[in-house]
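With the sequences and hints as input, model every part of the structure.
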Amino acid sequence: GAGVSQSPSNKVTEKGKDVELRCDPISGHTALYWYRQSLGQGLEFLIYFQGNSAPDKSGLPSDRFSAERTGGSVSTLTIQRTQQEDSAVYLCASSPYRGRGYTFGSGTRLTVV
Amino acid sequence: DQQVKQNSPSLSVQEGRISILNCDYTNSMFDYFLWYKKYPAEGPTFLISISSIKDKNEDGRFTVFLNKSAKHLSLHIVPSQPGDSAVYFCAAQSGGGTASKLTFGTGTRLQVTL
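Chains as they are written, first to last, in my numbering: chain A, 30 to 142; chain B, 752 to 865.
Please keep in mind that the hints were generated in silico from the structure rather than gathered at the bench. Quick caveat: nothing in here was measured; it's all calculated off a predicted structure.
Interface residues of chain B toward chain A, partial, derived using beta-carbon atoms under 10 Å:
no. : residue
1   : Val-755
2   : Thr-796
3   : Ser-800
4   : Phe-840
5   : Gln-844
6   : Gly-846
7   : Ser-851
8   : Leu-853
9   : Thr-854
10  : Gly-856
Cross-link-like lysine-lysine pairs, in silico, DSSO-like; alpha carbons within 30 Å at most:
no. : chain 1 : residue 1 : chain 2 : residue 2
11  : A       : Lys-46    : A       : Lys-86
12  : B       : Lys-756   : A       : Lys-86
13  : B       : Lys-788   : A       : Lys-86
14  : B       : Lys-819   : B       : Lys-807
15  : B       : Lys-756   : B       : Lys-822
16  : B       : Lys-788   : B       : Lys-822
17  : A       : Lys-86    : A       : Lys-40
18  : B       : Lys-822   : A       : Lys-86
19  : B       : Lys-807   : B       : Lys-822
20  : B       : Lys-756   : B       : Lys-807
21  : A       : Lys-40    : B       : Lys-788
22  : B       : Lys-819   : B       : Lys-756
Virtual Cβ for every residue (Gly too), placed ideally from N, Cα, C.
Structure (structure tokens):
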């Protein structure tokens with residue numbers, strides 16, 4: 030696609046429920062990243078996929094968070110047993126293998142009530 | 752451990768004047784630096800970048816300066832316009848040209864007043 034597409038744009042869920050957030054990167058981009066921005070905070074790195082290499086999961090805050098990338102394209106970020114502190118805007122970005130910086134999607138605003 | 756720091760959470764500047772946003776970093780492995788601009792309810796958009804082999808990069812009204820010895824960079828916007836009002840994030844990257852994660856600062860909210 031022309032840009033990075035994320036869905037849903039907004040998600041309200043009850044505490045304790047699982048949620049899945051989807052990211053469709055720019056076609057041909059081998060690298061895909063997930064970040065989140067909590068209220069009043071900066072951009073916190075979560076996880077990074079590069080081609081067929083093992084993902085860099087060093088930013089995932091707990092084992093309730095996981096992500097996969099199928100076929101080197103679409104990625105899903107899953108949060109199990111959501112907590113109120115998970116409320117944030119979750120941003121996905123992609124970049125080519127050789128390149129600097131990345132293109133972000135518009136994000137998914139997650140609210141846990 | 753905040754490797755990229757933006758110590759000013761907000762800045763207010765009059766239209767037509769210069770805006771200067773500052774950023775400091777601690778990791779000497781960073782070799783590329785970027786500025787992103789973010790409007791509410793939108794993802795960050797790339798603004799300007801600079802390689803560590805340079806000390807200045809200019810693009811229209813936007814100039815980024817890098818002082819490697821001080822581990823400091825700044826973004827100058829001149830003249831500032833009301834449409835520049837947004838949150839600006841400084842980011843740093845290592846990796847020598849291949850894709851790698853960006854480390855972001857906490858952002859500076861710029862308000863350009865009439």
